[in-house]
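4 protein chains.
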Amino acid sequence: MSSEPVRTRSRLAPDERISEIMAVTRQLLSEKGYQNVVTAEVADRCGISEGTIYKYFDSKRELLARVAEEWFEEILGTDESPPPGAGIRERLRQLVWKGLSFIRQEPSLSRFVLMELRSDPSYRTMRIYELNRRFTARISDLLEEAVSTGVFRADVSVRLLRDMIFGGIEHRTWAYLRGEGDFSVDEAADGITNVIYRGMLMPGAANEDAPQRGA
Amino acid sequence: MSSEPVRTRSRLAPDERISEIMAVTRQLLSEKGYQNVVTAEVADRCGISEGTIYKYFDSKRELLARVAEEWFEEILGTDESPPPGAGIRERLRQLVWKGLSFIRQEPSLSRFVLMELRSDPSYRTMRIYELNRRFTARISDLLEEAVSTGVFRADVSVRLLRDMIFGGIEHRTWAYLRGEGDFSVDEAADGITNVIYRGMLMPGAANEDAPQRGA
Amino acid sequence: MSSEPVRTRSRLAPDERISEIMAVTRQLLSEKGYQNVVTAEVADRCGISEGTIYKYFDSKRELLARVAEEWFEEILGTDESPPPGAGIRERLRQLVWKGLSFIRQEPSLSRFVLMELRSDPSYRTMRIYELNRRFTARISDLLEEAVSTGVFRADVSVRLLRDMIFGGIEHRTWAYLRGEGDFSVDEAADGITNVIYRGMLMPGAANEDAPQRGA
Amino acid sequence: MSSEPVRTRSRLAPDERISEIMAVTRQLLSEKGYQNVVTAEVADRCGISEGTIYKYFDSKRELLARVAEEWFEEILGTDESPPPGAGIRERLRQLVWKGLSFIRQEPSLSRFVLMELRSDPSYRTMRIYELNRRFTARISDLLEEAVSTGVFRADVSVRLLRDMIFGGIEHRTWAYLRGEGDFSVDEAADGITNVIYRGMLMPGAANEDAPQRGA
DNA sequence: CATGAATGAGTCTTCATTCAT
DNA sequence: CATGAATGAAGACTCATTCAT
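Chains as they are written, first to last, in my numbering: chain P, 15 to 229; chain L, 15 to 229; chain H, 15 to 229; chain G, 15 to 229.
Worth flagging that the hints you see were computed from the coordinates, not collected in a lab. Be a bit skeptical, because a hint or two may be false.
Unchecked claim - Keeping only pairs whose Cα atoms sit at most 20 Å apart, straight-line, the calculated SDA-like set for lysine to any residue is:
hint, chain 1, residue 1, chain 2, residue 2
1, H, Lys-46, G, Ser-133
2, H, Lys-46, G, Asp-134
3, P, Lys-69, G, Thr-53
4, H, Lys-46, H, Lys-74
5, P, Lys-46, L, Ser-136
6, P, Lys-69, G, Ala-54
7, P, Lys-46, L, Met-129
8, L, Lys-46, P, Arg-125
All values reported here derive from a predicted model rather than from experimental measurement.
Start from the sequences and build out the full structure, keeping to the hints where you can.
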C-alpha cells in the first residue's frame, strides 16, 4: 500500500539468532510463565517467523529447557569455591544469599524448572537436572558436613532443611514480586541463615558470631 | 418418541448439582493439575452436558476458584480455636502439621491457588484471597504473639518465618509427590517446628519440652 | 454486509454428522489419495468447522481407517456364501469379479488400505486388518481347496497366485481410471479367471466348461 | 576472515553435483518413500546447501522424476535384445525375472512411479512416461508376438496379461518387504511365467519345456 | 556462484464457550 | 431449563522454496 520500510528479511549468524531467541524467550518466560509462552510471540518479538525458531530448536520444550540451562550455568559459573576458612554459618549464608538473589532475578524461570521440568519423565536425563543437582548439592553438602562434624544436630533431615531454605527463598521472592511487603536480599539471607543455624546448632557447639548484617 | 420414564438423569436441585460439579472438578484437579482440567471431562463425569456447567459458573476459572474456596473453607472450618493452655511450640506444631496434611491431600489444589490464582490481577478481590489470608494469618498471629511475649526473638521478620514454614511444607510435599524420598507428616511437622522454634527462641526463655514425636 | 442466508449453524444428529463426514472423506480420498486429504477441506465440504470432525474422530488417521472399514464391510456384507455346487472356476470367477468391481468403485480407498494402512505398525490390531484378511482369505481358501483336491497343480504357491489376481485387478483398474484403455469388469474377470484356471489346471483333471462370457 | 584453504567442500563440476544429488535422493527414496523425502536431508547428505539443489532442479518433484527416469534408463540400458533363438516361455521368464529383481531393488522408486507420477496431470509429457512405456512395451510386444504367431490364445487381452504380470510382481515384492513370507526371485519368476504361459498356451501348440528352475 | 538463514502457507489438533432446539 | 452439537481462535510444528550476502 505505502512505502513501508521494505520489511528487510533480517539475517543473523546462527549463534546470534539463537541468543536472541533465547533472550526473548527468557523475557517472555519471566513475564508469563511456561504454559503461556507462545512460539508465535517469541517469533514476533524477534521479528522472525515461527519456522526460524524450529531451525534452531526441536521443540518448544527444548527451547525452554535450554533457556533454563543457560540460567543455571550463569548461577553456577560464579565462584564455585567457598571462602577459605569460613565457618558453617558464613558459608550457609553465602549460599542462601546467592539463591535469593538469583531467584529474585528470574522467578519464573525458577518456577519453570521447579514445577514443569522436574515433572518431565526424562528430567533426570536432562542437562538441567545435573546442573540443578549441583546447585542444591552445595547446600546439602554443607548441611551434611555440619551434621557430621557435630556442629548441627542430627534430629532434622538434611532434605527437610534444604526444603525450608529453598521454599523460604521462593516464597519470599514470589511474595515480593506480587508486591507484598518490602524485600531486602541481605535481610532475608540473614533471617533464613539465622533460623536454620540457631535452630540446628548443637547445644554446646561453638557458636559462630552472627554478623547481624542489615539488622 | 414415547413417554419413557428412562430419564434416569437425575434432576438435581441446583445446589446439589453445583456440589456435584465442584466435587468432580476437585477430583480432576487433584488428578491432573489445573491446566489439564478439561470442562468436557467434568461434564462427563457428572453425567451432564457441558452447557449445564455454564449455567452455574461463568467460566472455568470461576469454577476452579470456587473449588479452591471450598477447600480452604474446609481447612478453616475445623477447630478455629487453639488448644487451651498450649504453648507456642505445640500450637506452632499443630498448624504446621495441619498445613502439611492438607497440602499433601490436595497438592494440585494448593498448587493451583499458589501459582495460578495468586497471579490473577483480581486475586485480591477474590474470596479465596480472604480465606487464604485467614489461614496464613493464624501462623502469623502465633508468631507475632511469640515475639511480642518475648518467647521469640525479634530479629527475623514474621513474614520470612511464614515463608520458610509454607515453603518448607510445599517443597517437602512436592518432592514427595515426585517420588523423591519418603515422607512422614509427623516427622516433617516436627522438623519444621523444631527448626523454627529453636532457631527463634529467645535465649533465656523457658524452653518447652519437645515431644520428639516420631524421632 | 448483505442479507446472506444467516449462516445458520447446521445441527445434525451425531449419526448423520458422522455419516456425512465419512461420505465426504471417502469422496476426497477417491479424488486425492490419503496424503492429500486435508481435514480443513473435509470440514469445508461438510459446511462445518474442523473442530466438529474431532468431536467424532480422534484423529485424521482414525477417520480414514473407519472409512476404509466401512467400505470393506460393504464388500463383505454381501453374499458370504459361495453358490452351491459351483465348481472352482465359477467360484474363482465370482470372487475376482467382486474384487474388480469394488476396487473399481473405490480405487483410492483400496490404495489407501493396500499402501498406507498396511504399513502402519498397529495395522495388525486394526479392525480393517481382520476385514481385509477375511476377503483375501476367501480367495486363498478357494485356491488351496483347488490344490488339495487335485484340481490345481501344486507347483505355484497360493500366495503368488493371490498376488497375481489382486495385482492384476488393481493394475487393470488403475490403468482404466487413468484413462488408459477400455475396461469391462466382466471381460477382465473372465480374463484373469481363465489365465489362472487354465494355467493351474492339473493335466488330466476334468476341465469345467468355460462360460466364455463377454468374449 | 582469512585465506584458509579449509574449504574442503569440494567444488564439483555441475554434472558430478547433479549425479550426487540424484544418487542421494534415490537412496533416500528407497529408505523412506516419496512423501518422506525431505529436501533438507538431501542437501545434508550431499554436504551442500538446500539452495544448491534448486540451482539444478526446479522443484522437488522434478528432482524425483529425474531420479525415476535415471532408474528406468538403467533397466532399459541392459541387453535390449532377447537371447537369440529363445522361445516365448524363456523370453517371458527373463522379462518377469528382470522386473522382479528391479522392483525388489528399488521398491520405493517403483511405487513412486506407479502411484505418484502416474497420477500427475502432465505425466504423459514426461520423459519417464516414454521410458516406462518402453519397458512395458517389451512385455506387450512379446505377448503380442505370442498371440499373432499362434502360440498364445487370443481370448485374453495383452493389456490384462501385462497387468497380471506387473501386478503380481508388485504385490509379491511389497508383501515381501512388509515381512510377509519368504521370497525367491527365481521361484516367483517361474511361478508367474508358468501361470501365464500355461494359461495362455494355444491347445495343440508346441509346449516348450519348462526349465522348472528353483523348484 | 553457492550459501544457508529465513520464510509462510499450511497441517493436525485442542478446548473453553455458545446457542438453537 | 438443560442439552450437546457446533464453533473458532489458537497452538505446536513442518517443509518446499526464496533471496540477500
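Hint by hint, work out which the structure violates, then give me just those numbers in ascending order.
Going through the list in order, the structure violates no hint and respects every one.
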